[in-house]
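K.L.:
Produce the entire structure from the sequences given, and follow the hints as far as they go.
Going down the list, the sequences are from chains A and B. Residue numbering for the first sequence follows my numbering, beginning at 1 and increasing consecutively. Residue numbering for the second sequence follows my numbering, beginning at 1 and increasing consecutively.
Keep in mind the hints are simulated off the structure, nothing from the lab. Keep in mind that a hint or two might mislead.
For lysine to aspartate or glutamate, the following EDC-like pairs were computed, each having C-alpha atoms within a straight-line distance of at most 16 Å [said to hold, decoys possible]:
hint, chain 1, residue 1, chain 2, residue 2
1, B, K96, B, D55
2, A, K101, A, D287
3, B, K162, A, E57
4, A, K280, A, D120
5, B, K162, A, D120
6, B, K152, A, D54
7, A, K113, A, D287
8, A, K101, A, D270
9, B, K162, B, E148
Take a look, some chain B residues computed to stay more than 12 Å from chain A by CB distance [said to hold, decoys possible]:
hint, residue
10, G40
11, E41
12, A47
13, G56
14, G57
15, A58
16, Q99
17, G100
18, R141
19, E146
20, A195
21, D207
22, T216
23, G217
24, S242
25, S282
Just the calculated beta-carbon pair ranges, DEER-fashion [as the list claims (entries may be wrong)]:
hint, chain 1, residue 1, chain 2, residue 2, range
26, B, D184, A, E57, 23 to 31 Å
27, A, A138, B, R149, 43 to 51 Å
28, B, G217, A, L142, 49 to 57 Å
In this text, a Cβ means the ideal position worked out from N, Cα and C, and glycines have one as well.
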Amino acid sequence: MAVETTTTGEEGRTGQAGESSQSSQSSQSSQSSHASQAGRQTRDSLATVEAGLDALETTAEHEGSTLLRVLRAGYPPVLALGLILAVWQALYAAKIWPDWKLPGPHQVFTSLKDAFDNGDVWPAVGHSIGHGAVGFAASVVLGTVLGLLVGRFKPVRAGIGPILSGLQSLPSVAWVPPALMFFGPTPAMLYTVVLLGAVPSIAVGVVSGLDQVPALYLRVGRNIGARGLASVRYVLLPAALPGYLAGLRQGWAFAWRSLLAAEIIVQSADLGHSLGFLLKNAQDTNDMAGAFAAIILILTVGVGVNQLLFVPIERRVLRSRGLA
Amino acid sequence: MTATIEMEPGDKGRSARVAPAAPADPAATADDATGAAARGEFAVRLAGVTKTFRDGGAPVLDGIDLDVAPGEFVCLLGASGCGKSTLLNIAADLDKPTQGTVEVPAGRAALMFQESALFPWLTAGQNIDLALRLRGLSGRRERRAEAERLLKLVRLQDAYDKRPHQLSGGMRQRVALARSLAQDSSVLLMDEPFAALDAITRDVLHDELVRLWEATGLAVLFVTHNVREAVRLGQRVVLLSSRPGRVARQWRVDIPHPRRIEDKDVAELAVEITEHLREEISRHGR
Chain A
1 MAVETTTTGE EGRTGQAGES SQSSQSSQSS QSSHASQAGR QTRDSLATVE AGLDALETTA
61 EHEGSTLLRV LRAGYPPVLA LGLILAVWQA LYAAKIWPDW KLPGPHQVFT SLKDAFDNGD
121 VWPAVGHSIG HGAVGFAASV VLGTVLGLLV GRFKPVRAGI GPILSGLQSL PSVAWVPPAL
181 MFFGPTPAML YTVVLLGAVP SIAVGVVSGL DQVPALYLRV GRNIGARGLA SVRYVLLPAA
241 LPGYLAGLRQ GWAFAWRSLL AAEIIVQSAD LGHSLGFLLK NAQDTNDMAG AFAAIILILT
301 VGVGVNQLLF VPIERRVLRS RGLA
Chain B
1 MTATIEMEPG DKGRSARVAP AAPADPAATA DDATGAAARG EFAVRLAGVT KTFRDGGAPV
61 LDGIDLDVAP GEFVCLLGAS GCGKSTLLNI AADLDKPTQG TVEVPAGRAA LMFQESALFP
121 WLTAGQNIDL ALRLRGLSGR RERRAEAERL LKLVRLQDAY DKRPHQLSGG MRQRVALARS
181 LAQDSSVLLM DEPFAALDAI TRDVLHDELV RLWEATGLAV LFVTHNVREA VRLGQRVVLL
241 SSRPGRVARQ WRVDIPHPRR IEDKDVAELA VEITEHLREE ISRHGR
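P.N.:
Printed below as a string of structure tokens:
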């Protein structure tokens, strides 16, 4: 059945193979290595060559000191901030607008300092962060579950997917009037607005995180025995984590915005003194410096939570995967 | 130093005609490749495997009969569009054949890809650990020891705590190989695993793979479009035709290991197979 043909007799064909003289030389030298006693030596040299390749192809990672990294990342924003302050001061000094329309940086600073001295700031920050944290935590739970359902089940995606993207484009401040009518000026009203603002954003983050999981990972997972729930737990969820974290970060931004919208519009004894209240109060007393001071506080909290909570987590996850 | 050329059963001439589907008796394709095959044992048996992706569309694979004997190293060779990867996916149970049957007595066959597909959220060692865990090894200490043993086997004993992105492409493929070995299957399916590597690294990994194959006695089904690679590695080279994919011809490679890609025997057989491959491709240009 098997026709045996020795090919050594067909020297002419070797020439036709188009091999360079270099490789025919090496083929002669390699023939000697076919001798069985040379086998062991070949093995040893393989280990050496391999070790050499490994050493050449991997470079030690340089991790600069944390202080240096923070300084390096920190100075451009500080520079930009300085520039903004300079322009602001220049505009103020030019006296284009009266002080009550455009206060100078020092007036805003004084107003901020007064607010701290009066003891207005910390309770307000506390209230707002407290409401934001509770609303955001609830949004994370709901958004994650909703995102998993939409991401994993086709009929759910077909039905709810478009609604989610639609909700994302609706300014959450639009929910304030109906929420106020339904719940009255209570924390439940605030949470409703926060949820409606943040849940779609988090859910969409989960869905896009799931969609970005390379199909190859799922196939490898199946091959090594991860099926069903094991596949979700060991492959799908960890693979979707970067997209999920980005969704959470955006969800926080939406939650904070929605919360402040509600706080500015609705005031009541139930809600207490919040950052939104400070801002609205400044408007009511025609205190432009106070308004700027409140905005600075709102920005600081929003950016601070992002930079101190989300950015470090995200950076750690991405770095560990070689993505940042 | 002879390369033995095995023809399709019944194909006595050296004409490059395409065998009409594969032989009726699947066992015959692996005939006397090893003693095991002669006894009718197999590590993978594909019988009459046909795959059509669209209803009524042209089949990608058409009646593939292919046996891989236990411990045999078979290279599956073909131009693009011959369904090599589809065939491997079917053998790995990641895809179902439209017709025909697949038998892998070992249970699941381990599968390796062109990309290492190591999970980037795990270290090299944890990647292997996960395969061990999913295989059913419950003892944490036992798994750690086994993962380290496997890493040592691919000569990456210091890589347990390295993340995949900290390793070179060649090292990642070796970790992927260790992960495949962790599945403890007696069958290893490889889908162009070295195609993305540079020539030097590829050459070293060829040696590494042969070394591991000889050490473990795995049956290997290695898909490639690189003729030299196929001849350098395989005991048997199976040429698939394209559109539809059929077993066109096969060769037995009796060149002893260690082989080098520059070896005269390797080159000669590669030239011969390449001629058939080109003929196979040319049919589509006419």
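K.L.:
Measuring Cβ to Cβ, find out whether B/D207 lies farther than 12 Å from everything in chain A.
P.N.:
About 5 Å separates B/D207 from the closest Cβ of chain A, which leaves it inside 12 Å; violated.
K.L.:
Minimum C-beta separation from B/S242 to chain A exceeding 12 Å: can you confirm that?
P.N.:
Holds, since 24 Å exceeds 12 Å.
K.L.:
Grab the minimum beta-carbon distance between B/G40 and chain A and tell me whether it stays above 12 Å.
P.N.:
holds, 16 Å
K.L.:
Hey, A/K101 versus A/D287, does the alpha-carbon distance stay inside 16 Å?
P.N.:
Roughly 9 Å separates the two Cα atoms, so the pair holds.
K.L.:
Per the stated criterion, does the least C-beta distance between B/R141 and chain A lie above 12 Å, as a non-interface residue requires?
P.N.:
holds, 20 Å
K.L.:
Assuming the hint says 43 to 51 Å, is it satisfied by the Cβ distance from A/A138 to B/R149 or not?
P.N.:
Check passed, 48 Å falls within 43 to 51 Å.
K.L.:
Would you check whether the claim that B/S282 is not at the interface survives, using Cβ distances to chain A and the 12 Å cut-off?
P.N.:
Holds, because the least Cβ-Cβ distance between B/S282 and chain A comes to about 18 Å, which exceeds 12 Å.
K.L.:
Report holds if the minimum CB distance from B/E146 to chain A is greater than 12 Å, and violated otherwise.
P.N.:
holds, 14 Å
K.L.:
Going by Cβ atoms, does B/G217 stay more than 12 Å from chain A at every point?
P.N.:
holds, 18 Å
K.L.:
Does the beta carbon distance between B/G217 and A/L142 stay inside 49 to 57 Å, or does it fall outside?
P.N.:
holds, 54 Å
K.L.:
Checking a non-interface call: every C-beta of chain A should be farther than 12 Å from the C-beta of B/G56. Is that right?
P.N.:
For B/G56, whose nearest Cβ neighbour in chain A is about 25 Å away, the distance exceeds 12 Å, so it holds.
K.L.:
Starting from B/K162, check that the Cα of B/E148 is at most 16 Å away, please.
P.N.:
holds, 13 Å
Going down the numbered hints, you'll see the structure goes against 5, 8, 21, while the others check out.
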